[in-house]
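Protein chains in written order, with this note's numbering: chain Y, 1 to 196; chain P, 197 to 847; chain W, 848 to 1016; chain U, 1017 to 1330.
Bear in mind the hints are in silico, worked out from the structure with no lab data behind them. Careful: at least some of the hints might be erroneous.
[Said to hold, decoys possible] Derived lysine to aspartate or glutamate pairs resembling DMTMM-like cross-links, with alpha carbons at most 25 Å apart:
#, chain 1, residue 1, chain 2, residue 2
1, U, K1141, Y, E25
2, U, K1258, P, D697
3, Y, K53, P, E680
4, P, K766, P, E331
5, W, K974, P, D244
6, Y, K165, U, D1263
7, P, K518, W, E936
8, P, K539, U, E1251
9, W, K974, P, D684
10, U, K1142, Y, D126
11, Y, K165, U, D1136
12, Y, K66, P, D626
13, P, K704, W, E981
14, P, K539, U, E1252
15, Y, K66, P, E595
16, W, K974, U, D1136
17, U, K1142, W, E981
18, U, K1141, Y, D187
19, P, K578, U, D1228
20, U, K1142, Y, E25
21, Y, K53, U, E1243
22, Y, K180, U, D1080
23, U, K1141, Y, E72
24, Y, K180, U, E1062
25, U, K1188, P, D305
26, U, K1141, Y, D24
27, U, K1258, P, D684
28, Y, K180, U, E1076
29, Y, K165, U, E1062
30, Y, K188, U, E1251
31, W, K890, P, D305
32, U, K1142, Y, D77
33, U, K1242, Y, E72
34, W, K959, U, D1136
35, Y, K188, U, E1312
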Amino acid sequence: MEQAEAKAMEVIRQDAFDAAAFLDELASYPSGENIRSCMQCGVCTASCPLSSKMTETPRKIMEMIKTGMRNEVLASDTMWYCASCYACTVRCPQGISMAEVMYALRTIAMKTARNLSTSFYQSFSDTVRRYGRMHESDLMIRFALRTNPLSLLKMGPLGVRMLMKGKMNLMPPSAIRGAKEIARLYDKVAEMEGGA
Amino acid sequence: MPGPKIGVYVCHCGSNIADKVDMDALRDFAGELPDVVVSRDYKYMCSDPGQDLIKADIKEYGLERVVVASCSPRMHEPTFKRACEVGGLNPYLMEMANIREQCSWVTVDRGGATRKAKALVRSAVNKARLLEPLEDKSVPVDPKTLIVGGGIAGIEAALKIAEAGYKVYLVEREPSIGGQMAKLDKTFPTLDCAACILTPKMVSAAQNPNITLLTYAEVEDVSGYVGNFEVTIRKRARGVDEKLCNGCGTCQEKCPIKVPNEFEEGMGLRKAIYTPFPQAVPNKPVIDRENCTYYKTGKCRVCERVCPPQAVRFDQEDEIIKERFGAIIVSTGYQPFDPSVGKQWGFGRYDNVITGLQFERLSNASGPTGGKVLLKDGTEPKAVAILHCVGSRDKNYNEYCSRICCMTSVKFAHLVREKTGAKVYDLYMDMRTFGKQYEEFYNRVVAERDIYFIRGKGAEIMEDPVSGGLLVRVEDTLLGVFREIPVDMVVLNVAMCPRPDAQEVAQKFGIQRSADGFFLEYHLKLEPMKTANEGVFIAGTCQAPKDIPDTVGQGAGAAAEALKVVLLGKVTVTPTTAEIRETLCSGCRMCIPLCPYTAISFNEAKGVAVVNEALCKGCGTCAASCPSGALRVRHFDNRQLLSQIEGVCAE
Amino acid sequence: MTENVTAKGGQGGGPAWEPKVVAIFCNWCSYTGADLAGISRLKYPAGLRIVRVMCSGRVSPAFVLKAFHEGADGVLVGGCHPGDCHYLEGNYKTLKRKLVFERLLEQFGIEKTRFRLEWISGGEGDKFARVANELIKEIEALGPLGSVAERLRQADGLSLRAEGGAGSA
Amino acid sequence: MTDARTKGAGPKAGLEGGTEPEAGAALKYSFFPGCSLHSTAREYHETAVKSMAALGVELEELEDWNCCGATALSSADTLLSYALPARNLAMVAEVGRPLAVACNSCFVTLNRANAVMASDTPWRKKVQEALAAIGRRLTRPVEIRHTLHILRHEVGLDRLREKVTRRLEGLKVAPYYGCQIARPRHQWGDPELPVEMDEVLAATGAEVVRYDRKTKCCGGALMTTKEDIVLSINEELLREAKARGADIIAVCCPMCQMNLDAYQGKINSRFGTDYSIPIVYYTQLVGFALGLDEAEMGFSRGFVPATKYLRKYA
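Here chain Y stands alone, though its shape is the one from the complex (with noise of 0.2 Å):
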């Protein structure tokens, strides 16, 4: 009974604010400098053609990192549901880019968190790595092993009927020739970030 009464109402002391250590990290992000300035109009919610499916509409995370609550939304499935449409960010009366802060909250999360999505990017990521360019089948197969294999199973009629409209290739995919310079480029990035 106390501990549902608990639940209902939480209850955030004046002193728990630490919003100037998330702001500052994601200020180190392109389009992060200017999130404090969102007046929390919804119009980025109303923009968005996946919002009705997230937990916390856009907008409410934007007053949820105001005020530091960074632990929520990084926990939050906000971002991962960002299609990249931009629609938001033509659209902000402040001219915050809110793709791109979903960008920054997408690669701050991809630190620690593990799930479907951060599966894809990774898998996505280690293709373009091997090869230089994309190759769906690859990517479909990292992307299996990572989360649940017999998933192949499913995606298997479509990826035949792919096959004969001559969209996909099963053949392993060869390399572009730079992709030496690729794989140096990725550990240059890992080396200049893990250096900072």
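Guided by the hints, dock chains P, W and U onto chain Y, whose structure is given.
Then chains P, W and U, alone, in the frame of chain Y:
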């Protein structure tokens, strides 16, 4: 050779300066400068005790120069000049150092601000040392005032000046005075109809013998200065003899041509010969030559035939009026934001997405639907969405708040409920009901049935392709819920914007524009009607978005400003003009074509240039190019300015 | 991964050398714009100091040379926008003179970028602050004027002395 | 009536490889097809190159290009998401011709990196440092054009109309742009309701139906991770096209084509609908209208074949 005795007065301006600049150090620094015999600091130099310090020191120390280090001279130069004069010192022997606007307010660190303040004080002391006494001159003023723009601001200003017994020319571009207010239906917060309160003022303006009403007219050119502006006005040909026309309206009835009526925001029709609305002042029609059949084909002339007093004049020509005015009031109003630039609102694409002004016309009893709020197909709406902040509070369009939209929206919500059975969805970001009785009005409307206030900015309006209805998308931000609201009418409360020709008008009248494009006042808070051009005042929405009460207030205020000029009967002319030191003049004549006022001529007998000081305005362009240094601008001469440059550079 | 973004305005210690810029502004537009920057509490380095003239047309080459002569690292002349001049066309005269200024500076080996002419209206406080910060940043990159000033001092062919200017100095 | 904000976007001055072609002269671009055009969207690749060639525009494939990184890299690693496309841009700068891109996703990603090269953020220097490690150099942004914009603005409608031999009279097409050709703001095109494809298709004689959802997102790669909602937003796209009476939907992005076409069956079974709307690239229609071989236009490649609507014009 000892220099003149100088007193330096350093102002704290409360904490405005003292917080950033070390007052003790600055005072002591000033005291060490050559020729400075006394230096003091004080909390508020502009206060009476502050000024008294200066006056007392002039006597006690026999001060010959005064330097005040405080705010911008644009703020208090007159104050301290007067203090010196009262204290017995020629006011032109006072110099200011701007250590607030250009030092304490713009510098991050105290050390830098103090260093800069010292440099500015040294610079001012350097100049003060070289100043000379000058005497103001005055010239007579033409007692007429020109008012440009016949909306409620211009009408109000014209009436106030005329009622004080002074002559006014009221120039209006449209065929009738009345401006945007004439289009409105009910006005917040009292809901009295706009026409009921505006028409009497329009009629008074037309009937007052002190007011010369020039409608369908535009100012073409302005020259001269405060007290004596030379103005050229083009009164466009109406095609109707105003003296003969009795306003019977027969011509409009019989004219066969129909075109969209601008006054009805494109929703109704008018004829090619027309008055824009029934209460127009003057109630005399104009012929729209672009659409009139006679001007296109040379045939028709129906209006001419049916006119009982035979007032139609197809061959009438534009009339050019040249007049002299002592003061000018610019009250040219605003332009509603065009929402078709943002495709997300669907304006221009969906029939029943309309602007606030279009709603006013629908709701107005003399409008195209006779006061009924109807959809394009003539049926009554069942649900209406009202959007705030369309084109305002949005950095993609205009960053500023347009001030009137919250109240207008609340009013619309009420009018929709009064006139239809429709549900109303009012989508707001913040409800700004700042004026007298505004919050009370809002509270009354909030209590009405079936009006839903939703906190969120309307993001887009889509058509349901299957039902054809409109969908408004908004986040109900208080709940964190994405709403898609089906409606059949959307009212966009669009921003008030500067008029598209604001730049041209600003240049014509020598006024400036602020970053938002509106005309720039001399001081945002304290001189809202004055401009940088003395004798030219601004009033109403050409200065910034505002509601009717504030617009009327500014109209009256601008009238007071103009009366101040014409009542005095004379204006002080600055003595800081150029002079020629004949012994130095080589007679090269380089200065003569440089003068924009043709104030310099050549004395053939003496072989030297001559300055006509009545024409000279003291810009100094001539002095800057005089190779022999013969041309000298009083109060801004080479030695004074060079010594100032020395002052700001030294450490 | 955190970015070290240097704070604008150079808080704290600051560089040992602070560029000095003499700004000569017309009373009606640029000076008012500079006041507006203050009213809006915009920030720019303290090395920029403004001298007021009635019109940018008043600015003669001697003023610009004088500023460099006195140790300025840069000069900024501000006037009304074309068409907005309080004195009808003074700023056009300034614009014409710009070439003269530049050629003159060239003769003394002073980089062109140390001199700037800007149109700043009374409503453009933000523009003024931007220009001020930009110019100072550029001059910081160029470094102190130094030896050129020395050369200018020696080339005292032009009468740059303000007689009785700084008294004993 | 154009939006003031879009004016002057994408500064021309100072761009590398930015030579303004003379009207009527042959146009030549470096071409970045992107990974999709080599697999799922082969018909887009082929028809883009062929139809542009027929209009005097040569698209020369950038040698040894690499994946632009798409949204995946932007989500995984910021610096890499700039550095990967920047390698391509550096190679474009070496060739010295402006870059043509057909895929919306590549278009936005390459532009995003390009914008960094035009900015004075710390990212620019970092990208340059990363490129230096692989012996590449990029100092300034390069000029990037979407093939649709090249067709509309550089080839022009007059030239297109002139060259059309099969007028697609009576073919009702819904023009679907997707999101990333329009947003964020690029040099051309309204971010909400662009008209370039409408105009191009109208020039082929087709009847372009009104399509208000023309820049609504198809969900892109989220089909892999968020299938439920992505299916439903694609259903909405099909619903409007059908309501407006469109025979087919024309697209300019491989992701849009894939989601609307390959998943149309799944949408039908999920929502109980019976959509059968072919999804074709605008270049297929343009090439066909220009008289190119029908077989080469790949109308049968879609899961919902377009052949039956086009056979009659052959």
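Against the structure, the hints come out as follows:
1. U:K1141 <-> Y:E25: It holds: about 20 Å lies between the C-alpha atoms, which stays within 25 Å.
2. U:K1258 <-> P:D697: Between K1258 of chain U and D697 of chain P the Cα gap is close to 46 Å, so the pair fails against 25 Å, i.e. violated.
3. Y:K53 <-> P:E680: holds, 14 Å
4. P:K766 <-> P:E331: holds, 15 Å
5. W:K974 <-> P:D244: violated, 37 Å
6. Y:K165 <-> U:D1263: holds, 22 Å
7. P:K518 <-> W:E936: holds, 23 Å
8. P:K539 <-> U:E1251: Distance of about 23 Å is within 25 Å: holds.
9. W:K974 <-> P:D684: Cα-Cα ~45 Å, so violated.
10. U:K1142 <-> Y:D126: The given pair, whose Cα atoms are some 22 Å apart, holds under the 25 Å limit.
11. Y:K165 <-> U:D1136: violated, 46 Å
12. Y:K66 <-> P:D626: holds, 19 Å
13. P:K704 <-> W:E981: Violated. K704 of chain P to E981 of chain W sits at ~32 Å, over the 25 Å cutoff.
14. P:K539 <-> U:E1252: holds, 19 Å
15. Y:K66 <-> P:E595: holds, 22 Å
16. W:K974 <-> U:D1136: holds, 19 Å
17. U:K1142 <-> W:E981: The given pair, whose Cα atoms are some 23 Å apart, holds under the 25 Å limit.
18. U:K1141 <-> Y:D187: Satisfied, since the Cα-Cα distance of roughly 17 Å is no more than 25 Å.
19. P:K578 <-> U:D1228: holds, 23 Å
20. U:K1142 <-> Y:E25: Status holds; Cα separation ~18 Å.
21. Y:K53 <-> U:E1243: Satisfied, since the Cα-Cα distance of roughly 12 Å is no more than 25 Å.
22. Y:K180 <-> U:D1080: holds, 12 Å
23. U:K1141 <-> Y:E72: With Cα atoms ~33 Å apart, K1141 of chain U and E72 of chain Y exceed 25 Å; violated.
24. Y:K180 <-> U:E1062: violated, 29 Å
25. U:K1188 <-> P:D305: violated, 68 Å
26. U:K1141 <-> Y:D24: holds, 20 Å
27. U:K1258 <-> P:D684: holds, 22 Å
28. Y:K180 <-> U:E1076: At roughly 24 Å apart (the allowed maximum being 25 Å), E1076 of chain U and K180 of chain Y satisfy the hint.
29. Y:K165 <-> U:E1062: holds, 15 Å
30. Y:K188 <-> U:E1251: violated, 43 Å
31. W:K890 <-> P:D305: holds, 10 Å
32. U:K1142 <-> Y:D77: Judged against 25 Å, a Cα distance of about 30 Å means the pair is violated.
33. U:K1242 <-> Y:E72: holds, 21 Å
34. W:K959 <-> U:D1136: Measuring from Cα to Cα gives roughly 23 Å; hence the hint holds.
35. Y:K188 <-> U:E1312: violated, 43 Å
Checked against the numbered hints above, the structure breaks hints 2, 5, 9, 11, 13, 23, 24, 25, 30, 32, 35 and satisfies the rest.
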